[in-house]
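Peer 1: Here's the letter readout for the chains.
There are 4 protein chains.
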Amino acid sequence: MMSQKKCRSVRVGSVEIGGPKFVIIAGPCSVESEAHLQETAAQVKKSGASILRGGVFKLRTNPQSFQGLGNDGLAVAKRVRDQLNLPIVCEITDPRQIGDMESIVDIFQVGSRNMYNYSLLKELGKTKKPVMLKRGFSALVEEWVLAANYITEGGNAQVILCERGIRSFDKITRNTLDLASVSYLKQNYEFPVIVDPSHGTGVQSLVTPMSLAAAAAGADGLLVEVHPNPDKALSDGFQTLDFKQFDSLVNQLNPLLTVLDRPLLTL
Amino acid sequence: MMSQKKCRSVRVGSVEIGGPKFVIIAGPCSVESEAHLQETAAQVKKSGASILRGGVFKLRTNPQSFQGLGNDGLAVAKRVRDQLNLPIVCEITDPRQIGDMESIVDIFQVGSRNMYNYSLLKELGKTKKPVMLKRGFSALVEEWVLAANYITEGGNAQVILCERGIRSFDKITRNTLDLASVSYLKQNYEFPVIVDPSHGTGVQSLVTPMSLAAAAAGADGLLVEVHPNPDKALSDGFQTLDFKQFDSLVNQLNPLLTVLDRPLLTL
Amino acid sequence: MMSQKKCRSVRVGSVEIGGPKFVIIAGPCSVESEAHLQETAAQVKKSGASILRGGVFKLRTNPQSFQGLGNDGLAVAKRVRDQLNLPIVCEITDPRQIGDMESIVDIFQVGSRNMYNYSLLKELGKTKKPVMLKRGFSALVEEWVLAANYITEGGNAQVILCERGIRSFDKITRNTLDLASVSYLKQNYEFPVIVDPSHGTGVQSLVTPMSLAAAAAGADGLLVEVHPNPDKALSDGFQTLDFKQFDSLVNQLNPLLTVLDRPLLTL
Amino acid sequence: MMSQKKCRSVRVGSVEIGGPKFVIIAGPCSVESEAHLQETAAQVKKSGASILRGGVFKLRTNPQSFQGLGNDGLAVAKRVRDQLNLPIVCEITDPRQIGDMESIVDIFQVGSRNMYNYSLLKELGKTKKPVMLKRGFSALVEEWVLAANYITEGGNAQVILCERGIRSFDKITRNTLDLASVSYLKQNYEFPVIVDPSHGTGVQSLVTPMSLAAAAAGADGLLVEVHPNPDKALSDGFQTLDFKQFDSLVNQLNPLLTVLDRPLLTL
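From first to last, the protein sequence lines are chains A, B, C and D. Each residue of the first sequence is one higher than the last, beginning at 1 in the working numbering. Each residue of the second sequence is one higher than the last, beginning at 1 in the working numbering. Each residue of the third sequence is one higher than the last, beginning at 1 in the working numbering. Each residue of the fourth sequence is one higher than the last, beginning at 1 in the working numbering.
No lab work stands behind these hints, which were simulated from the structure alone. Please note: incorrect hints may appear among the correct ones.
Heads up, the list lumps identical chains together, so a pair's fine if it works in one copy or across two of them.
Here are the simulated lysine to aspartate or glutamate pairs, EDC-like style, with alpha carbons at most 20 angstroms apart [said to hold, decoys possible]:
id, residue 1, residue 2
1, Lys21, Glu39
2, Lys46, Asp236
3, Lys232, Asp106
4, Lys171, Glu143
5, Lys171, Glu142
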């Protein structure tokens, strides 16, 4: 009844996403400064993350909002990545950024706003780096898989899907996290699937229970926003964990992963 | 961060819903015959269910569809309940059924179609039996809690909430199971919360992973449709487990419940 | 391409809904007092309404909110109806109200919360009075038509459908008014269809443009909330027109109805 | 109550969108051949359209679907445009197309899939050509306006918004056309707003009633798919009008526009 489709796992250095171990990607919503990223990277690695997240080109609904550090942030990301030997995932927002980003980031992230940006997806199909494709705000699972095909048909089979919640009518959560889609994808497609409980709920206190639920639903990993001081984060603080909360999340997750026979991958 | 609100648990004989143990309610969508209900009840009890479900007044979208056995089904339900000493939950669809049902059922179920039927909820507020209130098809969590208040304000505090998925745009699942609402309710309200992964997905192969996810999200129990032969069920066969699948679900759930410190309640 | 299905019109005294003329039902959300209803009824009739609305059993999400005047309101409604010779539509919320209401109201209204209350619909199928069935908050058009069939199969063919908006993600309007459903129903079914732009938008300034749009989409009439002083209404003031605004609505509507060959029915 | 915000109209040759007259943009979903576009352009102009639509870079959910003629289509579009002296709107899907398109098209169209593609919007903010920005599949009205601001803040104030329906749960229509958003935008913002009843319903027989409703709701114009033989169209035939149906639409629309004091702009 519940046979999973064989997963085409994606490798980043010594990290395998979609393999026998569960993977946590963590870090700030935006790279704010070198010290800030360094501190966060060291802490999340210590707690159990094996990939660092950190946006440098931010897509913000309001053109007046903080838009990220851009290429300066990229340089920061590279130094922190190399110092800590921690692969990094950064969001790409324009095909013209590929040149600058390809030698620095380990995984390209395509955000929800760009899931239907087929020009961008086609270009990413020509690169050699893995792509983490977030689900569009109201994308059908079928549309999401077809968007992934825009990348794979270009020759790049290294695609990771990321469920991050869909738009719904209830506003107690920022989005409605659709965990059944995760199980459905694992049963029917070969892509690794990770879950973003931070955007998926938009509520700090719901990040940990939804992380546990995602693991139980069969996800291959998590993408979690962590910041030294969420109240002062330049973006998305309300859904971001501090170091202690993130460490607690991993501690609650570990025994669950053990009984699920899916131990946490650590570096 | 994640402190749960103290739960006002609901007792049905020796079964406590919302207490230290996890509770499984299982059984057919509709009572089809005495032999059918007996066989199913015996099997789900053996596998680990502690409450029997079985509809006798069915609310069907199409007036031409099978509408349940009505009062005959109620008599069947009572006999099976007494033989197996297994409490039973039945759906009520009209305030005028209270008289006949009150001495037979252990828990009144109010289905999604009647969550806003305040006349019915007020009458149930005057009974002495627990009420399991399912979420409306597109009910806000706040509306759902206020609907529960229609019952409690009548003097009946024994209300159990049941998340069963909300209506959304994607049709790979019958509904979108909103597990964040479960965690949110447990953090903010005193009601026990159980999850119906059968209606919540409408897909047999997704029932087990969503059951595990529900437990990890902090649910107090499950409501699962089980039938000796789902392909021949008079209603909802496509989302119904057979005995072997249900037994496998419980076997996968048990170790998870152990690490969650929420062992399964068995009779 | 656009052939309409022949409409099975519904007659209330000299008023025909679904016939060659366009019908406006107007009045307060709730009956607040006799003077209040009398004043409102006289004004809306003068402006062009041919049926009076006014709730006496109100279904409110919060059990603490004003619940209507109940049977006292019914007596008020009857006196005003008789004085002004203006048929009245009142919402029914419980099958046990039929006895009291049947001799007084001209049309039973079933609200969105009760569209799936099949017990109530079946009872209304046995009465001799027309039933106006509002669409459920997230009801499929197909479910809505099947709910209407619960009434017609009981022997009462006098069903009017009322589109009142569906639940969606955007909160600038209370609901999303689905005017395509109106055209779809007129092309495919025999029921008269009216539109409630008050609940359909929840925004006073949008009531008039959506009324014009509803007429252009092929609706058979409107259901509009009007109050002498919307700011002081006991319910729903934010979406209610005052007398001057309602008069202006009718004045804007009239020339449109003329070119649509669907003149306004007046008493 | 219903005062409209002063509209910042957009001029394309002798056509003013958002001015005193109502504007119809019509043409095929995709440019299929020169003869095909020529025939269609001549017919829609004759019936009353003043701008031609026709996609050359098509964004299709499935990478295997017909993707448009690309630059060849652009050359075809230019010749037909010049012959018939009919301004043309074409969809842009990548900032790198601006160079080729800017000298040919009269209006850049940004499709729903790219409403959140802020890189593209910023580049269009630097061009001198008007931009028609379609609403994203589930975009909040506020997000849509902020997306328009990405263009205007770059220095290009010539933005037209196009409502094309939002994603909802009911599948009788492809999308749910949200006409209240049109009235809301006209009351609160300065952008011209046009309506696409073809994508907005996805149903041929609903295009005309929704066109009339859009005009009544205060839209500044329409975007309609027309094809010599919709059954043979390479894309979207099910929602496309043939010449006779389009002519009939305009004939039904004209008297309505007269009473709305918003006569049709013809060339």
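Peer 1: Please work out whether the CA atoms of Lys232 and Asp106 approach to 20 angstroms or closer within one copy, between two copies, in both situations, or in neither?
Peer 2: neither (28 angstroms within a copy, 46 angstroms between copies)
Peer 1: Please sort Lys21 with Glu39 into within, between, both or neither, judging by C-alpha distance up to 20 angstroms.
Peer 2: neither (26 angstroms within a copy, 41 angstroms between copies)
Peer 1: Measure nothing new, just compare the shortest in-copy and cross-copy C-alpha distances for Lys171 and Glu143 to 20 angstroms and report within, between, both or neither.
Peer 2: between (25 angstroms within a copy, 12 angstroms between copies)
Peer 1: Indicate which option fits the pair Lys171, Glu142 if close means a Cα-Cα distance not exceeding 20 angstroms: within, between, both or neither.
Peer 2: For Lys171 and Glu142, only the inter-copy Cα distance (10 angstroms) is at most 20 angstroms; the intra-copy one is 25 angstroms.
Peer 1: Checking Lys46 and Asp236: alpha-carbon separation at most 20 angstroms within a copy, between copies, both or neither?
Peer 2: neither (23 angstroms within a copy, 48 angstroms between copies)
The structure does not agree with the numbered hints 1, 2, 3 stated previously, though it agrees with the rest.
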